[in-house]
Every structure is written in structure tokens, then in C-alpha cells.
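Could you put together the complete structure from these sequences and hints?
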Amino acid sequence: MLAALLTKKGNIKIVNKKPQIKRANMNCIKVLYCGICGSDISKYNGSKSINRPIVLGHEICGLLNNELVAIKPKTEYGFLGSDIDGGMIENIYVDKENIMYIPRLSNNPRLATLIEPLANVIHSVRILTNKEDVAIIGK
3 MLAALLTKKG NIKIVNKKPQ IKRANMNCIK VLYCGICGSD ISKYNGSKSI
53 NRPIVLGHEI CGLLNNELVA IKPKTEYGFL GSDIDGGMIE NIYVDKENIM
103 YIPRLSNNPR LATLIEPLAN VIHSVRILTN KEDVAIIGK
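Heads up, the final residue of the sequence shown is numbered 141 in the numbering used here, and it's a clean run with no missing numbers.
Among the hints, a few may not be true.
Using C-beta positions, here's what the derived DEER-type ranges look like [what the hints assert, rightly or not]:
{"no.": "1", "residue 1": "Leu116", "residue 2": "Val136", "range": "13 to 21 Å"}
{"no.": "2", "residue 1": "Asn67", "residue 2": "Leu130", "range": "32 to 40 Å"}
{"no.": "3", "residue 1": "Ala137", "residue 2": "Ile43", "range": "16 to 24 Å"}
{"no.": "4", "residue 1": "Leu130", "residue 2": "Arg54", "range": "15 to 23 Å"}
{"no.": "5", "residue 1": "Asp135", "residue 2": "Asn67", "range": "39 to 47 Å"}
{"no.": "6", "residue 1": "Lys20", "residue 2": "Thr77", "range": "14 to 22 Å"}
{"no.": "7", "residue 1": "Cys30", "residue 2": "Asp135", "range": "43 to 51 Å"}
{"no.": "8", "residue 1": "Cys30", "residue 2": "Ala137", "range": "39 to 47 Å"}
{"no.": "9", "residue 1": "Ala137", "residue 2": "Ile23", "range": "38 to 46 Å"}
{"no.": "10", "residue 1": "Asn67", "residue 2": "Asn110", "range": "16 to 24 Å"}
Don't read these hints as lab results, they were simulated from the structure.
Note that this is a predicted model, so its numbers are computed, not measured.
Yeah, the Cβ is synthetic: ideal placement off N, Cα and C, and Gly gets one too.
Take a look at the structure:
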């Protein structure tokens, strides 16, 4: 299957890659979209050290049995796109407990790639104490 493989600093190649090993508790997700995070850019430009080659991407949405799903990127085997291959691939095997079924989002499944960064924002707000002021800035 086709994958965007980061081979070295500043170099991504589209390659045919064998799928990772499927374990008993995993399902195969057909990747529809994978967001590009700031951490992906840091890995690409070499400012964040990782083992290469690796398939980047952890903001993933796809289809499982024709249902839209998003993926929790932290797995028991490592973090998708950092420790183990991520979502810039046609299909990815994911632990069942890392799959979140989501409703169709106004016929725009690309919005599902924003679930992971939104979860980080919600988590950060929840850990604030003393009702601190917060500014969320983005485009």
C-alpha cells in the first residue's frame, strides 16, 4: 500500500509499504484524511529527533465497516507517527480501544482530523486550576 515515508531530514517519499503486523485486538482502518501537525513539521525539518524511516501522522480519520472513525494516537506500542508508523498511509491497523466511532460531520469527514487536537485543548483546559485565563489562538 502507498505511504508517505519520512526517510531523512527534509525528505518524504511515496513508497509501497507492507502493512504493519496485525495483532488479534486490531482492526484495519481505511485512512481518509490525516492532518499535518506542528510535531510532524518538527520531525520533517529535523528539529525533533525521531527514528527514521517512519510514516508520520497522528490526526487520523478513516472508515471501519463503512463507519467514520477517529483514532487515539497513543497506543500500547507507542505514539502513532513518532514511535510507530502513523496515518499517512492507505490503511492502518489500530487497537480496538483506540478507535472512536463518530457521526458523519456535515458530510465533511475532514473535520474528524480535528478531534485529536480538540481533545488536547479540552484536556489542557480541564487541568487548569484557580479559573486561570486562557487564550486559544489559531487560524
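Taking the hints in turn, this is what the structure says about them:
no.	hint	result
1	Leu116 with Val136: 13 to 21 Å	18 Å, holds
2	Asn67 with Leu130: 32 to 40 Å	38 Å, holds
3	Ala137 with Ile43: 16 to 24 Å	22 Å, holds
4	Leu130 with Arg54: 15 to 23 Å	36 Å, violated
5	Asp135 with Asn67: 39 to 47 Å	44 Å, holds
6	Lys20 with Thr77: 14 to 22 Å	19 Å, holds
7	Cys30 with Asp135: 43 to 51 Å	44 Å, holds
8	Cys30 with Ala137: 39 to 47 Å	40 Å, holds
9	Ala137 with Ile23: 38 to 46 Å	43 Å, holds
10	Asn67 with Asn110: 16 to 24 Å	20 Å, holds
Checked against the numbered hints given earlier, this structure breaks only hint 4.
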